[in-house]
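Visitor: Residue numbers (numbering that gives the first Met the number 0), protein chains in the order written: chain W, 0 to 572; chain E, 0 to 572.
Please note that a few of the clues may not be correct.
All copies of an identical chain are treated as equivalent in the list; a pair is satisfied when it fits inside any one copy or across any two copies.
Think about it this way: if two alpha-carbon atoms lie no more than 30 angstroms apart in a straight line, the pair counts; the simulated DSSO-like pairs of lysine-lysine are [to be verified]:
| hint | residue 1 | residue 2 |
| --- | --- | --- |
| 1 | Lys484 | Lys367 |
| 2 | Lys405 | Lys184 |
| 3 | Lys426 | Lys261 |
| 4 | Lys405 | Lys250 |
| 5 | Lys183 | Lys480 |
| 6 | Lys252 | Lys367 |
| 7 | Lys493 | Lys175 |
| 8 | Lys426 | Lys370 |
| 9 | Lys562 | Lys493 |
| 10 | Lys396 | Lys366 |
| 11 | Lys250 | Lys494 |
| 12 | Lys353 | Lys484 |
| 13 | Lys184 | Lys493 |
Calculated from the structure, these hints are not laboratory results.
Keep in mind that this is a model prediction, so the values were computed, not measured.
Below are the chains, spelled out letter by letter.
Number of protein chains: 2
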Amino acid sequence: MKLAFNDELEELARRRGFFWPSYEIYGGTAGLYDIGPNGIKVKQKIENLWRDHFITSSLLNIVEIETPMVTPQRVLEASGHVESFTDPLVICPKCHRVYRADQLAEAQLKIKTEGMALDELKKLYSEKEIVCEACGTRLLDIQSFNLLFHTYIGPFTAESGFLRPETAQGIFTAFKRTFEAERKKLPLGVAQVGRVARNEISPRQSLIRMREFTIMEFEFFFDPDQVPDLDSLQNKIIKIRLSDNTLVVEKMKDIVARGLLKHPWMGYFMASAVDFMEKIGFTADEVTFQEKSEKERAHYSAQTFDVIVSTKRWGDVEVAGIAYRTNYDLRRHSEFSGQDLSVSVQLAVPVTKKVTHVWVNRAALGKKFGKYSVDIVNALNALAESAKEEELGNKEKIILNLPFGKVEITSDLARIEFKEETVSSEKIYPHVVEPSFGADRLLYAVLDHSLRNKEDRRILSLPKAIAPYDIAVFPLVEEEKLVHKARAIFEMLKKTGFDVLYDEDGTIGRRYARVDEIGVPWAITVDEESIAGRGVTIRDRDSWTQWRVNEARLSEAIEALRKGLDLKLLGFA
Amino acid sequence: MKLAFNDELEELARRRGFFWPSYEIYGGTAGLYDIGPNGIKVKQKIENLWRDHFITSSLLNIVEIETPMVTPQRVLEASGHVESFTDPLVICPKCHRVYRADQLAEAQLKIKTEGMALDELKKLYSEKEIVCEACGTRLLDIQSFNLLFHTYIGPFTAESGFLRPETAQGIFTAFKRTFEAERKKLPLGVAQVGRVARNEISPRQSLIRMREFTIMEFEFFFDPDQVPDLDSLQNKIIKIRLSDNTLVVEKMKDIVARGLLKHPWMGYFMASAVDFMEKIGFTADEVTFQEKSEKERAHYSAQTFDVIVSTKRWGDVEVAGIAYRTNYDLRRHSEFSGQDLSVSVQLAVPVTKKVTHVWVNRAALGKKFGKYSVDIVNALNALAESAKEEELGNKEKIILNLPFGKVEITSDLARIEFKEETVSSEKIYPHVVEPSFGADRLLYAVLDHSLRNKEDRRILSLPKAIAPYDIAVFPLVEEEKLVHKARAIFEMLKKTGFDVLYDEDGTIGRRYARVDEIGVPWAITVDEESIAGRGVTIRDRDSWTQWRVNEARLSEAIEALRKGLDLKLLGFA
Numbered sequence: 000m001k002l003a004f005n006d007e008l009e010e011l012a013r014r015r016g017f018f019w020p021s022y023e024i025y026g027g028t029a030g031l032y033d034i035g036p037n038g039i040k041v042k043q044k045i046e047n048l049w050r051d052h053f054i055t056s057s058l059l060n061i062v063e064i065e066t067p068m069v070t071p072q073r074v075l076e077a078s079g080h081v082e083s084f085t086d087p088l089v090i091c092p093k094c095h096r097v098y099r100a101d102q103l104a105e106a107q108l109k110i111k112t113e114g115m116a117l118d119e120l121k122k123l124y125s126e127k128e129i130v131c132e133a134c135g136t137r138l139l140d141i142q143s144f145n146l147l148f149h150t151y152i153g154p155f156t157a158e159s160g161f162l163r164p165e166t167a168q169g170i171f172t173a174f175k176r177t178f179e180a181e182r183k184k185l186p187l188g189v190a191q192v193g194r195v196a197r198n199e200i201s202p203r204q205s206l207i208r209m210r211e212f213t214i215m216e217f218e219f220f221f222d223p224d225q226v227p228d229l230d231s232l233q234n235k236i237i238k239i240r241l242s243d244n245t246l247v248v249e250k251m252k253d254i255v256a257r258g259l260l261k262h263p264w265m266g267y268f269m270a271s272a273v274d275f276m277e278k279i280g281f282t283a284d285e286v287t288f289q290e291k292s293e294k295e296r297a298h299y300s301a302q303t304f305d306v307i308v309s310t311k312r313w314g315d316v317e318v319a320g321i322a323y324r325t326n327y328d329l330r331r332h333s334e335f336s337g338q339d340l341s342v343s344v345q346l347a348v349p350v351t352k353k354v355t356h357v358w359v360n361r362a363a364l365g366k367k368f369g370k371y372s373v374d375i376v377n378a379l380n381a382l383a384e385s386a387k388e389e390e391l392g393n394k395e396k397i398i399l400n401l402p403f404g405k406v407e408i409t410s411d412l413a414r415i416e417f418k419e420e421t422v423s424s425e426k427i428y429p430h431v432v433e434p435s436f437g438a439d440r441l442l443y444a445v446l447d448h449s450l451r452n453k454e455d456r457r458i459l460s461l462p463k464a465i466a467p468y469d470i471a472v473f474p475l476v477e478e479e480k481l482v483h484k485a486r487a488i489f490e491m492l493k494k495t496g497f498d499v500l501y502d503e504d505g506t507i508g509r510r511y512a513r514v515d516e517i518g519v520p521w522a523i524t525v526d527e528e529s530i531a532g533r534g535v536t537i538r539d540r541d542s543w544t545q546w547r548v549n550e551a552r553l554s555e556a557i558e559a560l561r562k563g564l565d566l567k568l569l570g571f572a
Numbered sequence: 000m001k002l003a004f005n006d007e008l009e010e011l012a013r014r015r016g017f018f019w020p021s022y023e024i025y026g027g028t029a030g031l032y033d034i035g036p037n038g039i040k041v042k043q044k045i046e047n048l049w050r051d052h053f054i055t056s057s058l059l060n061i062v063e064i065e066t067p068m069v070t071p072q073r074v075l076e077a078s079g080h081v082e083s084f085t086d087p088l089v090i091c092p093k094c095h096r097v098y099r100a101d102q103l104a105e106a107q108l109k110i111k112t113e114g115m116a117l118d119e120l121k122k123l124y125s126e127k128e129i130v131c132e133a134c135g136t137r138l139l140d141i142q143s144f145n146l147l148f149h150t151y152i153g154p155f156t157a158e159s160g161f162l163r164p165e166t167a168q169g170i171f172t173a174f175k176r177t178f179e180a181e182r183k184k185l186p187l188g189v190a191q192v193g194r195v196a197r198n199e200i201s202p203r204q205s206l207i208r209m210r211e212f213t214i215m216e217f218e219f220f221f222d223p224d225q226v227p228d229l230d231s232l233q234n235k236i237i238k239i240r241l242s243d244n245t246l247v248v249e250k251m252k253d254i255v256a257r258g259l260l261k262h263p264w265m266g267y268f269m270a271s272a273v274d275f276m277e278k279i280g281f282t283a284d285e286v287t288f289q290e291k292s293e294k295e296r297a298h299y300s301a302q303t304f305d306v307i308v309s310t311k312r313w314g315d316v317e318v319a320g321i322a323y324r325t326n327y328d329l330r331r332h333s334e335f336s337g338q339d340l341s342v343s344v345q346l347a348v349p350v351t352k353k354v355t356h357v358w359v360n361r362a363a364l365g366k367k368f369g370k371y372s373v374d375i376v377n378a379l380n381a382l383a384e385s386a387k388e389e390e391l392g393n394k395e396k397i398i399l400n401l402p403f404g405k406v407e408i409t410s411d412l413a414r415i416e417f418k419e420e421t422v423s424s425e426k427i428y429p430h431v432v433e434p435s436f437g438a439d440r441l442l443y444a445v446l447d448h449s450l451r452n453k454e455d456r457r458i459l460s461l462p463k464a465i466a467p468y469d470i471a472v473f474p475l476v477e478e479e480k481l482v483h484k485a486r487a488i489f490e491m492l493k494k495t496g497f498d499v500l501y502d503e504d505g506t507i508g509r510r511y512a513r514v515d516e517i518g519v520p521w522a523i524t525v526d527e528e529s530i531a532g533r534g535v536t537i538r539d540r541d542s543w544t545q546w547r548v549n550e551a552r553l554s555e556a557i558e559a560l561r562k563g564l565d566l567k568l569l570g571f572a
């Protein structure tokens, strides 16, 4: 029997506790999903691998922080989200259904519309006939809809706020504190794993388009003049589709050398992202970096690559993005908050430069000009900014034209000095590369990627590192002595540190089918032979091979299996 | 020098990257805090210990799920939060300052006001003079304020929703799916670690009263007629202060036997909570279970104990709660959603009971009474509900008075049968005990509990299981050969799986001071002796003792230290 791959994953996900629509007993809410007991185990293992890969094992200084979802309006004004975080929406004048205008046009006209400006879309709708899918009425009423969830912080309408659409703004607003706690050194990565919310217009794509989801991202702050050591990652082969549609499959160092990336750190984290995707079961070849065109990019980005994998039902899906945010956010937050978020960096080579300095004898100037002294000093400072040495440098006197008249300043009162100064540091706004992964989309993609058929059965061939359980333990039948021994083995393996599932209900065939469907790599069965001291069986999820293994060497055998070794060759079975 | 213990923790937390007010560069938002790079490491270790203690290591079936923060209004109407999740608020008519009315009265009148009804508070304010702290105006305008953060889901005002104030409602609405995925067996624990939001009126107590925070809780679903095996926990001594203020310090089994708890599962999880608190550094004696009085309890609870620890600045603080929610939530969601959330449970002893059954010969009845047959069957069913066997049982005929006249039903057409039936299962709404821990309050409490002074220095004596790093590695001075060796040791220990901090900046004294303040239990220093092959020093955070240890045995020595062993006795030093 051949099973269709259409809603099969969705059906299995609901029945086997991976995910299902939230608030289902109330009819569900579009774009909200619960992650069930087996799903959360896979998701947490993906999160922990991500953390281990990008933070714990990294020799770069990348730290994690946690900031709230609730965000005051002024923060998201500074970030540009209040203005720019919008999607085009179209409403049916007859039945009041609401659609995303670009996606509807794309579906009906079979053209690409991503990143199309509101005016272009309006023109498109006025020229072509695009209709309501429910009642067939022609649609024209296109508006811009802001995707931020709005709320008020404090009693009544004390302060306007939103749920964050990305964790990044919490990182930028906490940059100063974090940078100080981490001893003011660049490069510094600041990561966050947390929930974000986007009030999607009409989400209908399972875990791929959710209104609330988990993001794993970090802002990697660096001095753009420092070129990174590309390290062991330089020979990693990555597959890029440029915004002009050229496909490039080359070593990362060559892609960097060809100048295809706006900064070498982009290449470093793209290669690292491929490494991570391999850990959760994708081959490098299955991962494509799609460059976004200028109009598709977010407002803060100088270059963005979507990390794309293919899914059976939804086709190409973006599971991550690598964006070069430049110093946009730190600059904007400096401007909007009035706090200086620039940092001091050492120059590789000290630089000698001419500096201008206004010297003032305040006492003498005050005595002569009284309350006008302040205006005079301001005028001198303004003059010094644009002054040229040959005109003003160390002159005996300067004539200033001020609102209250012309004044002559002699060099004993004040003068503009021109000096050479050698500086070994300068203030900069660090630049930022942001690798950002969607945990729920990754969960969906790995489940989709792992689902296979064998005979008339379904198998979720999850990589063992992210399987919900390491191993299952069953008594062959529900008989007291078998149950007793199986429970004892279950408890022993659990104490050893394995993630173990115990099940005694129903036939052994149904229990095998269950663990195949939830992706448990191996199942141990206790039978009459086991009671007689002749070991237990271990069954492999993918091949259904069974080995009989000595009970005393069970932990050791599981360790060997987890390392991908052959039990027969090792003499276990 | 003696240091004051007032805002010392707050100052250290900001400077050393534990926590600070969110959006500080914009002046901050009351009740919102960022958890910094050192804070998040401690918090995550607390969360992982919690998960390990209550879920992974438990031999009960307790699973975790994840549900969204955004919650449709109808869910929180069913749960009672839209109606009952309120605090009393009072506004100054002159300066428009807003206060929590009960807390302000408590502070000014020195009386207990928790759980006071709105009318009682109004009476109190009208009788006593309670004034605005800012301008001294007498306050009278008391209102009930709902603490749910409000938002809209979908475009415009499509659907009204809130941020969840507890993760529990996501668990209850997902109960059916989870119960089915877990093979329909009780008891079943369903846990969730996630963010919740409460729009507090005027939060001013650091991490103790936040508007958004992390909760770790589980709903433990059980059949109230099944008495749990109290297990190894039965001899755990717990300290309870009953709502009548009696202090009881006894073994859990004795507290259960005395009937002080509404269900033995309460005792089980209270004892387990003490075990957990011990793992994060509190002694059993430092943990008090404060029973809430009826009016202090939440609307869903039949019995609640706050888990209290003492803090230097904020006094007694509730870090967790154990509530007996009965079957309130599942019943309410069944009523409001129209979905049956009851489950079938086996009876310990099958019960034989009399059942009434209406037997109908539909063909014959239809032939005789035509369209009136339906009314006749309905009338017989109604009669059967209240019927007594001696009156109606197996009679030859029954006379029915129906709107269209009197009819005689002979027993060949229909009869009411009385039988004995043995049933071995029944449908129930499972009862729920909910242990709920505040992750941020626990973080605050352990930091507060660990902060000590030694000479003129501060030490954060965190238990090693929750210290931000296992160990630090320093070169004695910033000299190339020392730096090189120290980096190599750092990388080796990191690969071994230790959580390691590396630091080379500033004097060794300042670096020791830093790791003392962030609570790293041990610091390794590489010096000239190390280059000469004479080992490295390991310094203890609390005693400042130093041992010189052979470099080749470093991992082993750290393992020994982590187990609390003596390096001298073991021959390492």
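Visitor: Does each hint hold? Answer for all of them.
Guide: Results of checking the hints against the structure:
no.	hint	in the structure
1	Lys484 x Lys367	neither (102 angstroms within a copy, 65 angstroms between copies)
2	Lys405 x Lys184	neither (50 angstroms within a copy, 94 angstroms between copies)
3	Lys426 x Lys261	within (22 angstroms within a copy, 65 angstroms between copies)
4	Lys405 x Lys250	neither (68 angstroms within a copy, 93 angstroms between copies)
5	Lys183 x Lys480	between (63 angstroms within a copy, 24 angstroms between copies)
6	Lys252 x Lys367	neither (67 angstroms within a copy, 91 angstroms between copies)
7	Lys493 x Lys175	between (44 angstroms within a copy, 27 angstroms between copies)
8	Lys426 x Lys370	neither (35 angstroms within a copy, 90 angstroms between copies)
9	Lys562 x Lys493	both (19 angstroms within a copy, 21 angstroms between copies)
10	Lys396 x Lys366	within (18 angstroms within a copy, 126 angstroms between copies)
11	Lys250 x Lys494	between (45 angstroms within a copy, 27 angstroms between copies)
12	Lys353 x Lys484	neither (84 angstroms within a copy, 42 angstroms between copies)
13	Lys184 x Lys493	between (43 angstroms within a copy, 21 angstroms between copies)
Comparing the model with each numbered hint stated earlier shows that hints 1, 2, 4, 6, 8 and 12 do not hold.
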